[in-house]
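Chain by chain, the residues run as shown.
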Amino acid sequence: MMRLLISLLFTCGLAAASDWSATERAFVQSLGPWPQAAVADASNRLSGDVRAIELGRQLFFDRRLSANNALACADCHRPDAQFADGIALNRGFGALARHTPALLNLSQRYWFGWGGENDNLWAQSMRPILTPEEMNASLTQVSETLRQDDAFACRFQATTGLALQTLDEQTQLVWIGKLLAAYQETIVTGRTAFDTFRDQLLQGQPLTALNASEQAGLKLFIGEGRCVFCHSGAGFSNGEFGDIGVSFFTASGVDKGRYAGIQSVTRSPFNRLGAFSDSIASGSRTQHIQLLHRNWGEFRVPSLRNVADTAPYMHNGSVETLAEVVDFYSELDEERLHTDGEKILRPLHLSAPEKQNLIAFLQSLSAPVSAATDQPDLFQNCPQAAG
Amino acid sequence: MTIKRLLLPLFSLTLAGQALADCQLSGDYSGHAQSLSVGFSTLPAPVAIGEAFSLMLTACHDDGTPFTGQITASAVMPAHQHGMNYQPTVQRLAPGHYRLDGYLFHMPGDWQFQFRMASGGRYETVTVDYPQ
Amino acid sequence: MKLKQMLAAGLLGLSALAGASPFMELVDTHIHYSHDAWERTPPPEAIRLLRLAGLQKAFVSSSSDQGTQMLYAEAPDLIVPVLRPYRKRGEISTWFRDETVIPMLEDLLEKNTYAGIGEFHIYGDDANMPVIRRVVELAQQYHCFLHLHGDAEAVENVFKQDPNATILWAHSGFEGPAVVSQMLARFPNLKADLAFRNDHAFQGKVDAQWRELFLKYPDRIMVGTDTFAPERWHYIMDHADWTREWLKDLPESVAQKIGYQNGLDLAAWALNK
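Residue numbers (full-length UniProt numbering), protein chains in the order written: chain X, 1 to 387; chain B, 1 to 132; chain Y, 1 to 273.
Chain X extracted, bound-state conformation (with noise of 0.2 angstroms):
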């Protein structure tokens, strides 16, 4: 009845900011600034080199690291689609079992995947390459396809200072990873209606950037809906993985999530502690990673911001709608979780008013995404890219 009386009020007109008390004021701090600074990936020397940045623009968008010259980055990560694809499960070469997800924000990850199976950007750029049933691609291919480029093998020895022809295939993969990570790290979300609000809350000033619903919506999140738990910080993402009941059958068997992922980054040859990071030291978490019988069917806890434009949501796209991902809290089958103390998740039992706040105020949480864009200029000395 509290909580009814609560949403009501908040309802019918906009709260103070003496409405807000001292832990609500804290957790809503515990959500910015934003946008946050910019921090270099210590593990990929290329990152946020403007070189680096526009060469791997043109690699983003190029076809040829697919077999057949079928498919690009892009093409799943569309630029006019939150560079993600709006469809719950994409074909590539093959059917996938997992939802393509947003590429916003990434330079502030550390873990990359669903399941995590990789600690750091350049890693993950390079899997979808080789994946049969994504560009299919073979190591072979792409590197005689790119050493045929001169104009490529140019702006890559003036990026990175090394002669493509020199390299292995295997390393000539890890460069187009860390340059596809380069680019990756310029697509970013912009200041939210949210952000204004919080700045607003911790100066003292009206509080106008929310409307009550969304305010009402915020209260909730932080509160007994205890969504912040794991949507936590600046990224709304706590940056781990959890299982909240969603099936993890695929046609085939399971998606066994972090366990696997955990399994796959601590033996990758390309995670940051081993031969091709340029900082082992920036690979503690992996280093300390442990393998546990929760992370069966645990996926990706991922970033709420741009979350009203990132439809469809979970690891395999099973639901549609914001609504319905607020319909699945409410009605949680905790029967599926397994934990003996404080439940973290469980039904939420939201009134119909308290689903449109909560919903009110996810959407409040977007804003522009901006990308780094072309830069002619740059390779001035090199023959022109071929297309």
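These are calculated hints, taken from the structure and not from any lab test.
The beta carbon of each residue, even a glycine, is placed where N, CA and C say it ideally should be.
Keep in mind that a hint or two might mislead.
Examples of chain B residues toward chain Y, derived with CB under 10 angstroms [stated by the list, open to error]:
| id | residue |
| --- | --- |
| 1 | T72 |
| 2 | S74 |
| 3 | P78 |
| 4 | Q81 |
| 5 | R116 |
| 6 | A118 |
| 7 | G121 |
| 8 | Y123 |
Let chain X serve as the given structure and place chains B and Y on it in line with the hints.
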């Protein structure tokens, strides 16, 4: 001797009532088990949710000698009955002085540090609450 | 190495012959096959997964018991039936207040063969309520062990009711090795499974304090997966692999007892009515 070992006493803070003959506890937090005590600080301080951190820890037996045994470290959220996703590693810098790396709190709320101290075939567990 | 073990190892693609330790066929003492599991993984497929994991025996309890009966009919050599007092999974926190559970259990115990009653959830003083008291009596009457998921206090309360009861303490109560060791010392008929626990081993190495416990009570510890959600049936094989990895860090005779012999002995005791 490493630079860290030389620097350690510089930021040590003696805890009230814990001054021991040959072994001084230091740090912002402390805990006690049957026959020993620990003191420690987090690096950085305070801990940020979702960010890796380390501990600088001192450990003393109640008889005033430095603890020199094995430490197994973990941290849990008692209310949720779950631990961390990471297993810290423990490095002994000097008798009674340890560095613990690999911590990460992935959720806001009350955490509890747990140190299982093994020495001479005896186990004692020190727990220290870390409210947020 | 027995031919059967070699074949099992070969089927799983494990390099048993090259390794220092032979492939060990385990006994998994903590399996559930509830309604949503059998809908997705029918009995023949479920049995295939258990055999693929290299199990000699699987202790199975289900919500409802129909799941256990289906599996037992499919592979009586493999399945050790355990009677769960839940009709569906949602009764974890209500079953012990529901007196209609008793006639259901009495009827099933009379009709079918069971090695144990459980896994059921019970904590503290709730273990003294009439329904659980009757369950303890039924376990004695039908020579069954009790697969109890609960705290040390609940275990103590059950032993007060029947000091001769045999309890398999699910998840070892999620207690640390010091408490588990104390409980094993106090109650000779207490056994403990390690289902859904990781703290006893990290990267194939057994924790020092747990090792002491395993060496002190090698006849009392068992392993189990806990298939609490239907997808977890596919975890049984990975869990078995994970288990074999840390068992290799123990003396072979201790590893064999924990890995399978204790489970075989408990099943033999319980089914030899």
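Would you check whether B/Y123 satisfies its interface hint, that is, whether its CB is within less than 10 angstroms of any CB in chain Y?
5 angstroms, holds
Does the CB of B/T72 sit less than 10 angstroms away from some CB of chain Y?
7 angstroms, holds
Identify whether the interface hint at B/R116 stands, where standing means a beta carbon of chain Y within less than 10 angstroms of its own.
With a minimum Cβ separation of about 7 angstroms from chain Y (threshold 10 angstroms), the hint on B/R116 holds.
Do the numbers back the hint for B/A118, that is, is its least Cβ distance to chain Y under 10 angstroms?
6 angstroms, holds
Would the hint on B/S74 be counted as holding, given a Cβ-Cβ threshold of 10 angstroms to chain Y?
Check passed: Cβ of B/S74 comes within 8 angstroms of chain Y, closer than 10 angstroms.
Please check whether B/P78 passes as an interface residue: C-beta within 10 angstroms of a C-beta belonging to chain Y.
Result: violated, 12 angstroms to nearest chain Y Cβ.
Under 10 angstroms is the threshold here; is the Cβ of B/Q81 close enough to any Cβ of chain Y for the hint to stand?
Nearest chain Y Cβ about 7 angstroms off; hint holds.
Holds or violated: B/G121 as interface residue toward chain Y, Cβ cutoff 10 angstroms?
At 9 angstroms from the nearest chain Y Cβ, B/G121 passes the 10 angstroms test, so the hint holds.
In the structure shown, a violation is registered for the earlier hint numbered 3 alone.
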